[in-house]
Amino acid sequence: MSCPEAPRGGENAPERAHQDFSQSLSYGDYLHLDVLKAAHQPITGAHDEHLFIAVHHVSEVWLGLIVRELKAAMALLDQGITDAPLKMLTRVVRAQEQLTNAWEVLKTMTPADYLLFRHAFGQASGFQSAGYRMVEFLLGNRQGVMLRPHEHRSDLHDPLLEAMSGPSVYDLALRLLAARGLTVPAAVLVRDFTQKPVLNEEVLQAWLTVYRDTETYWDLYELAEKLLDVEDNFRRWRFNHLTTVERTIGFKAGSGGTSGAGYLRQALSTVLFPELWEVRTRL
1414 MSCPEAPRGG
1424 ENAPERAHQD
1434 FSQSLSYGDY
1444 LHLDVLKAAH
1454 QPITGAHDEH
1464 LFIAVHHVSE
1474 VWLGLIVREL
1484 KAAMALLDQG
1494 ITDAPLKMLT
1504 RVVRAQEQLT
1514 NAWEVLKTMT
1524 PADYLLFRHA
1534 FGQASGFQSA
1544 GYRMVEFLLG
1554 NRQGVMLRPH
1564 EHRSDLHDPL
1574 LEAMSGPSVY
1584 DLALRLLAAR
1594 GLTVPAAVLV
1604 RDFTQKPVLN
1614 EEVLQAWLTV
1624 YRDTETYWDL
1634 YELAEKLLDV
1644 EDNFRRWRFN
1654 HLTTVERTIG
1664 FKAGSGGTSG
1674 AGYLRQALST
1684 VLFPELWEVR
1694 TRL
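The sequence shown stops at residue 1696 when you use this note's numbering, and every number in between is there.
Check each hint, because a few of them may be wrong.
Pairs of lysine-lysine residues, derived as DSS-like cross-links and limited to a Cα-Cα distance of at most 30 Å, are as follows [stated by the list, open to error]:
| id | residue 1 | residue 2 |
| --- | --- | --- |
| 1 | K1609 | K1484 |
| 2 | K1609 | K1665 |
| 3 | K1609 | K1639 |
| 4 | K1450 | K1520 |
Pairwise CB distance ranges, derived in the manner of DEER restraints [unchecked claim]:
| id | residue 1 | residue 2 | range |
| --- | --- | --- | --- |
| 5 | K1520 | A1599 | 32 to 38 Å |
| 6 | Y1443 | H1463 | 22 to 28 Å |
| 7 | L1529 | H1470 | 16 to 22 Å |
None of these hints come from the bench; they were simulated from the model.
The structure displayed is predicted, hence computed values, not measured ones.
Glycine residues also receive a C-beta, built at the ideal position from the N, C-alpha and C atoms.
Model the full structure from these sequences, guided by the hints.
Laid out in structure tokens, this is it:
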């Protein structure tokens, strides 16, 4: 017995949707889906290479969004504005969660699956991701050697060099502390930004003042906690990266020339905002 057809022409009928896109943008046109799909080009016939490329493509899109939101938040923080950046940093946190979840999809690939196509991409490696490196630099984790893989591309190298030479999002937060009358040493405010941050006792005392008087410094307190959310998710992403690598290739060297899991395990010790973690111990 056939089911009766739904009445045609009602306000909820699919026929009412726009159908002719000869003179207007369609969904696929707007998103340039043909270009996006054309970039998905596995080199081998291995089934899981499709998965591998898809996860990395999606991750690069999320990284691009994170960079955009971080830069926008930093521009406002540089002007002394603290409320709007919180929304942007929250978006960064949510995007980071998507990045971390991507590893769960990639973990469905077994070592045997991966070995079927790993040889095909030679020395290409996520270590060379300019998007990831920009996120690291904006958050304050800086090493000049990380610029070298991009020296052949000035369009990638020059923005990274500029980011590495300027204040990080945390440096801008410290400037806000100083602007509010809290003691932040001049040597911290005008330091060599190409270097990683190290814990400073006077900066720690300034944050302790904020955390002990949240009513007076509520905006700075919220900013500090949001920055901790960002670093927390940054660590989770790195940890999931490590475990994915370990379960896929064990302790083999990485395709880009690093030691692989050993390099990633060492990277887990990086602390982006040292005083914000230490303040918990001192409260």
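Status of each hint after checking the structure:
1. Annotation: proposed proximity of K1609 to K1484 holds, straight-line Cα distance about 19 Å (limit 30 Å).
2. As the CA atoms of K1609 and K1665 are separated by approximately 29 Å, the hinted pair is consistent with the 30 Å bound.
3. In summary, the hint linking K1609 to K1639 is supported, as the alpha carbons are separated by about 20 Å, within the 30 Å threshold.
4. Note on K1450 and K1520: the hinted pairing holds, with a Cα-Cα distance of about 23 Å set against a maximum of 30 Å.
5. Restraint check, K1520 to A1599: a C-beta distance of roughly 48 Å breaks the suggested window 32 to 38 Å.
6. The hint said 22 to 28 Å for the Cβ distance between Y1443 and H1463, and at roughly 25 Å that hint holds.
7. In this structure, L1529 and H1470 meet the distance hint of 16 to 22 Å, their C-beta atoms being roughly 20 Å apart.
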